[in-house]
Amino acid sequence: MSAAWAYDFRLAPMFVGLSPLPRGGSPMTQLGFLLSSGPGNRRRLNRGMAVEAFDGPLKALMLKGLGGDAAAHAELLSRMATLLRRYFARKLGPSDQDVEDLVQETLLAIHLKRETWDAAQPFTAWAYAIARYRLIDIYRRRRVRRSEPIESAEALFAEDTADGSAATDVERLLSELPERQRAVLKAVKLDELSTAEAAARTGMSESAVKVSVHRSLKALMRRVRDED
Amino acid sequence: MKTDDLIAMMASDAKPAARFSIPRRLALVGGATALVALAILVPWLGLRDMGAAVGDTSYWMKTVYTAALALGGFLLAERLARPGVKSRRGAFVAIAGIAVLGAIAIAQLASLPSAEISAALLGSTWDKCPWRIGLLAIPGLIAVLLVMRKFAPTRPALAGAGAGLFVGGVAATVYGLHCGETSAAFTLIWYTAGMAISTAAGALAGWRILRW
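So the protein sequences, as listed, match chains A and B. Here the first sequence is numbered in this note's numbering, starting from 1 and rising by one per residue. Here the second sequence is numbered in this note's numbering, starting from 1 and rising by one per residue.
Okay, chain B solo, but in the shape it has when bound:
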């Protein structure tokens, strides 16, 4: 087939294109991820006493942290879905979130008597938290990678990592509705580990399936 024929064919396929289709579709996936994770969480582990949680600063600290990382992942995925753009903003948001929580965690630990430090670091669910977040992120991870395939990531592994951080952050935010851990250090280590599982899975899968 001659290139001119191909061009004529594509011209006849020129429909008005939807605007903002990338952020819109990613946001839809984020919402769906939250709903599905919630639908798994409630029968599986149940919610914590939400009346007490909304008055608890540590609940909001965790939620703001995981939501900030979800936002960073969203921005990364949204940029990396496009050829030829820079994507520093998303990484900046994620790193800033980690840095702020790190500072809070250090300040908290410094004010504790040494006997309580290990409890602040490990809580009572440290060995379950990361895996639960990773599991809650799985449906969202599948969905976000399928959506990313429609786009044009020229760095597939990185784009997959951004997408994985996005849904991992959403899943961690939902997990916060169950988890009663209160220390900043616990959140910094174990929630971040859960989101890192999702990010690494996204990078690995992206490297395999986001090529085009």
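Bound conformation, chain A alone:
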């Protein structure tokens, strides 16, 4: 009597883990998962669920942003800011002064290099690879020898808390921009005008304002790179 009961009890969690699998993957990988029941596989499956649950909405926002939807793009970037803040705080310590700078650098890369994302690829895998690259770069800049293992993109979703305060580095870099670009940025950002309003105020055409914003972002990224 106890044999059947014990069997079900042991296997139940595994089937919870298995349930999302048959939707994706080739028949061979499904067969592989059905044949293997080790805890490692179970963990991998649960992780797959977590990434999928996070990735779907982010991917949808990214696709809209790539189509030119500014609101979706802003939503994506602010969600990523939260995830990245947690990720970097966990890696460097919550009070590390570089956390917010890393968040901003990674967001800049996500924005300026968005054409390197392949829509066939999970968005989070792409974003995680960028975040990890920025993290390794900060180790290099600090002359710290430290290896950063490749984790699953799920590392971006690990729970943790940290507050997002103003960063000083980008502020300083911003002050080094040419006068004209700074005036445009101030109008668009700090005074929260639309590009059309900023154009009216600075006497530039709207497309010139947009070009100026784009150039400023690129200049910020270049300065980050040339810092060391």
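Hint data in this document are derived by calculation from the structure and do not stem from the laboratory. Owing to the predicted nature of the structure, the values given are computational and were not obtained by experimental measurement. Just so it is clear, CB atoms sit at the ideal spot from N, CA and C, and this is done for glycine as well. Any given hint could turn out to be false.
As the list claims (entries may be wrong) - Just so you have them, the derived chain A footprint on chain B, three or more residues with Cβ under 8 Å:
id, segment
1, 11-18
2, 79-90
3, 148-155
As the list claims (entries may be wrong) - For the chain A half of the interface with chain B, some residues (derived, Cβ under 10 Å), not all of them:
id, residue
4, 69
5, 74
6, 107
7, 111
8, 117
9, 136
Following the hints, complete the assembly by docking chain B onto the known chain A.
Positioned in the frame of chain A, the structure of chain B alone reads:
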């Protein structure tokens, strides 16, 4: 600057993005590399008798080989330009190309009398071929690295190597329009050495300048 301000700034910069910009731009560089290499080759060394070449199996063997390695380099560069993707396919194409030509070369050498083996290995231009291919690849190498800089390679040296193999393969294909060597072993050794020069130069330069 607060992160929220930065985000607002980037949102106002959200234009519709071009699709397939990486493969498209790499393909453009590949085409430009071929044209520039041809423009250097014709006044420098001249073309071989192309009427005879198109009827010559060894010409097509060389061309298919160098084009396959160019394709492998293209696939590598296209993948390695992106963060967080795997890039095995390009390496597979390149290695498969080398393996197939290696098998042909061994079969050819085995059928030759031993007195002719050294001629098959060295031809008459073995000491010039790799350097000429490397030189023909230089303009393309500069162009492809400048293009790769716009992308986001998280493994800069490897991405540079893939880009170098790509333009090296294109340059070697163009060099085949001049070179009259016919043996598979010659192609396997000396053409591959020429493409390896370009690949190594790409890796070295990539390691230096593809960081971001």
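Here is what the structure says about each hint:
Figure legend: the segment 11-18 of chain B, annotated as covered by chain A; annotation consistent (8 residues with Cβ-Cβ distances under 8 Å, at least 3 required). Proximity of the segment 79-90 of chain B to chain A, defined as three or more residues with a beta carbon under 8 Å from a beta carbon of that chain, is established by the 5 residues found. For a cut-off of 8 Å, the count of residues in the segment 148-155 of chain B with a CB near a CB of chain A stands at 3, and the three-residue condition holds. The criterion of a C-beta within 10 Å of any C-beta in chain B is met by residue 69/A, whose closest approach is roughly 7 Å, and the hint holds.
Evaluation of the residue 74/A hint against chain B yields a held restraint, the C-beta minimum of about 4 Å falling below 10 Å. Contact between residue 107/A and chain B, as hinted, is supported at the beta carbon level, the nearest pair being about 6 Å apart and thus within 10 Å. Because the smallest distance between the Cβ of residue 111/A and any Cβ of chain B comes to about 4 Å, under 10 Å, the interface hint for this residue holds. Residue-level restraint check for residue 117/A holds (minimum Cβ-Cβ distance to chain B is 7 Å; threshold 10 Å).
Interface restraint check for residue 136/A: the shortest CB-CB distance to chain B comes to about 9 Å, inside 10 Å, so the restraint holds.
In the structure shown, no violation is registered for any of the earlier numbered hints.
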